[in-house]
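Heads up: the sequence shown is residues 1 to 766, going by the UniProt record's numbering.
To be clear, the hints were calculated from the coordinates, so they are not data collected in a lab. The reader is advised that the hints may include incorrect statements.
[Unchecked claim] Just the calculated beta-carbon pair ranges, DEER-fashion:
id : residue 1 : residue 2 : range
1  : C588      : P39       : 43 to 51 Å
2  : G246      : K535      : 48 to 56 Å
3  : T578      : Q526      : 19 to 27 Å
4  : K535      : P368      : 44 to 52 Å
5  : K724      : L699      : 24 to 32 Å
6  : Q218      : G240      : 15 to 23 Å
7  : T108      : G560      : 42 to 50 Å
8  : Q526      : A584      : 33 to 41 Å
9  : A419      : R738      : 42 to 50 Å
10 : K698      : V718      : 16 to 24 Å
[Said to hold, decoys possible] Here are the simulated lysine to any residue pairs, SDA-like style, with alpha carbons at most 25 Å apart:
id : residue 1 : residue 2
11 : K53       : R35
12 : K343      : S545
13 : K650      : I502
14 : K203      : G405
15 : K253      : S399
16 : K655      : K708
17 : K253      : T398
18 : K518      : Q564
Every value quoted in this text rests on a predicted model; they were computed, and no experiment measured them. Quick reminder that beta carbons are idealized off the backbone N, C-alpha and C, glycines included.
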Amino acid sequence: MPSSLLIVESPSKAKTLKKYLGADFEVLASYGHVRDLVPKNGAVDPEKDFAMKYQLIAKNSKHVDAIVSAVRDVDHVYLATDPDREGEAISWHLVQILEGKKLLKGKTAQRVVFHEITKNAVLDAIQNPRDISQPLVDAQQARRALDYLVGFNLSPLLWKKIRRGLSAGRVQSPALRLICEREIEIRAFETQEYWSVHLASHKGRTKFGAKLTQMAGQKLEQFDIPDEGTQKDILARLAGHPAVVGTIEKKKKTRNPAAPFTTSTLQQEAVRKLGMTTDRTMRTAQQLYEGMDVGQGTVGLITYMRTDSVALAAEAVTEIRHYIENKFDAASLPKNPVAFKNKAKNAQEAHEAIRPTSIYRTPESVKPFLTADQFKLYEMVWKRTLACQMAPAKFDTTSIDIAVGEGVFRATGQVLVFAGFLAVYEEDVDDAEDEDNAKLPALEEGESLPVDAITGEQHFTQPPPRFSEASLVKALEEFGIGRPSTYASIISTLKDREYVVIDKKRFLPTDTGEIVNKFLTEHFGQYVDYHFTAKLEDQLDDIASGGRPWVPVMDSFWKGFAKQLAEKEGISRAEVTTESLDEACPKCEKPLQIKFGKRGRFIACTGYPDCDYTRNIGETAESAAAEAEEPTVVEGRTCPECGGELHIKKGRYGKFIGCANYPKCKHIEPLEKPRDTGVTCPECKVGSLIERKSRYGKLFYSCNTYPKCKYATWNPPVAEPCPKCNWPILTIKVTKRRGTEKVCPQKECGYSEVIAPPEPKEEKVD
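Could you build the full structure based on these sequences and the hints that come with them?
This is the structure we're talking about:
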């Protein structure tokens, strides 16, 4: 019988570790957190030093029971939960439960930490156990209490002042503010015209271009050629003059490799290079960390993926340098190992960057054992890690000034002369401008060149781009909002609450998101302030390092926050959700206002209910009236039910096609034909289920005979009957706890069948 019990968070990790530890160890999983705050008011009591009331998480109670049962039969308990604050807190909660049941008398219960799941790392950790770090536990408890106090007090206020179902969060709300402020900046942006002038020339068969940089001895700035007239004047002054090569400047340039991955940079690169969301990236990284069977037993492929450190272990650097020495030419290996400095001021030096557990485990060698996502992410981590220890890339750059009359044009070119690390990996960037890497012919000062053409090009300044997932993660990190391990859950929450939608892979705030942000910034500005949020994160880091006690931090926050809550109770809903317009109602001449309803903002008369005039935001009174009077007819088609005309109409969810004989005939259909799943509707058995989008872009599946049949489901349907209740279809459901499964859409049935491995919990905090 085993004498030792090792407790981890993930069941897949447990299987891997069992093979390393042998028969003397039992290995069980907690399946993430085992206790959480009771979900009601009073779970955190500010009057009693923020005492917290916990309860077992129902879904994990059976796993706790298994751990309790196993502890009775062993002498040693090793707590090997994840190596971060959350993991430390889970270990502490387990000990609290076991001590409460008086099961640890005469036994040892110690913490073991490893950052990679390899046999050596695990066995070394077992040989060097430690006590639970109370400062790390305090930091996690403080974070959880802060999030509870904000969410449990601010969310109900949003329900009262805006509408039910909304939420606010200590970190989520500043992130929403970033997106909303960028949108305000875009709307306020005024486009400005400017021109540039270009010379086209050639030597031999090599064509090249140059840009006008000086005119009449003056350096040209961006807006010095503001319009077409100025541009034409410059072209006239330059016309007929020969082109003569002036100064030629040649330089050597080097470019150093990027640091190995942290959680933040891994998420950014996966979005840019692989098109993966931050959530998907972290799920996939968790699988690679926990271990895969790659033909020689199960092994963790990468180190722990929640880290803000760029440090590499000395043995890893030695192995990487050995690989470079054997696989590349001598010039690719620097004389000394490349060291990177942590940018995160609170980066834990004991942690490593994200790297392969062995550089000799090449992507190609493990490809047959990985899914497409796992392979793409592992290959990216492997290449970035290898590249970070390689020599810099070298370029020859050339700048040539060419005189044409009063003007001086500049041509630039860059040639890669030694690839170095670029032979393996190049970092992507957001919203980058193209580098001028044109190849230039060999030219000499004083040489005459042909003037093939001198032309002007019109430009317009562009507003700042909306945030992508990658650029939002970068901004969150720069402002110190949250921690890298929370970015994926922050982004998921904003999408799930329908505060933002994704348009062309960019975040666009919804009406709801903008109203919530407006309320919070106007009435709780301090608590969605970037610097305040970052300062609070720093204080949590100080608690984790033992630098300050947690209760005074909580007390300082709560006093100001509670006072603010009390002051804002008197705000009326109308004050928050309406906005006056300087326009009279075309129907009754009373003032119009912007109102906020269940489906977003709209323009309405203040005389309601006596006057029912409304129109959509962005419409003018004239366009709304014209559309009401002259409906757009769908040419070449008639109503399939009554033969009447089909009109393009506008409803609460946007435009649609409807019968002109409404309300006698209620035939409607979408403006754009939706994708048909080919699955027969299980309710009416006449129509088929088609893919539709809600107002905020969320997919759902409903019968194409609507409104005759109103059957709908959120999850993608499968044409397979339920084995338990014989309902004609099943649906595909994806959750973090159970993975991908087939489930019966009939809630009372409860049938489910897992068809892909469970995905690990993402809400982790370093």
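Status of each hint after checking the structure:
At roughly 48 Å, the beta-carbon separation of C588 and P39 lies within the given 43 to 51 Å, and the hint holds. The hint said 48 to 56 Å for the Cβ distance between G246 and K535, and at roughly 54 Å that hint holds. Restraint check, T578 to Q526: a C-beta distance of roughly 25 Å satisfies the suggested window 19 to 27 Å. About 49 Å separates the C-beta atoms of K535 and P368, a value consistent with the hinted range of 44 to 52 Å.
Between K724 and L699 the Cβ separation comes to about 26 Å, which falls inside the hinted range of 24 to 32 Å. About 21 Å separates the C-beta atoms of Q218 and G240, a value consistent with the hinted range of 15 to 23 Å. Our hint of 42 to 50 Å for T108 and G560 holds, since their Cβ atoms are close to 44 Å apart. The hint said 33 to 41 Å for the Cβ distance between Q526 and A584, and at roughly 39 Å that hint holds.
Against the hinted window of 42 to 50 Å, the Cβ-Cβ separation of A419 and R738 comes to about 46 Å, which satisfies the hint. Judged by the Cβ atoms, the range 16 to 24 Å given for K698 and V718 holds: they are separated by roughly 20 Å. Our distance criterion of 25 Å between C-alpha atoms is met by K53 and R35, whose separation comes to about 10 Å. Distance restraint check for K343 and S545: the Cα-Cα separation of roughly 18 Å lies within the 25 Å cut-off, and the hinted pair is therefore satisfied.
Annotation: proposed proximity of K650 to I502 holds, straight-line Cα distance about 23 Å (limit 25 Å). Among the hinted pairs, K203 with G405 is consistent with the structure: their alpha-carbon atoms are about 20 Å apart, no more than 25 Å. Restraint check for K253 and S399: satisfied, since their Cα atoms lie roughly 13 Å apart, inside the 25 Å limit. Of the pairs offered as hints, the one joining K655 and K708 holds, with about 20 Å between alpha carbons and a cut-off of 25 Å not exceeded.
Of the supplied pair hints, the one linking K253 and T398 holds, its CA atoms being roughly 10 Å apart against a limit of 25 Å. This hinted pair checks out: K518 and Q564 have alpha carbons roughly 16 Å apart, not beyond 25 Å.
In summary, the structure agrees with every hint in the numbered list given earlier.
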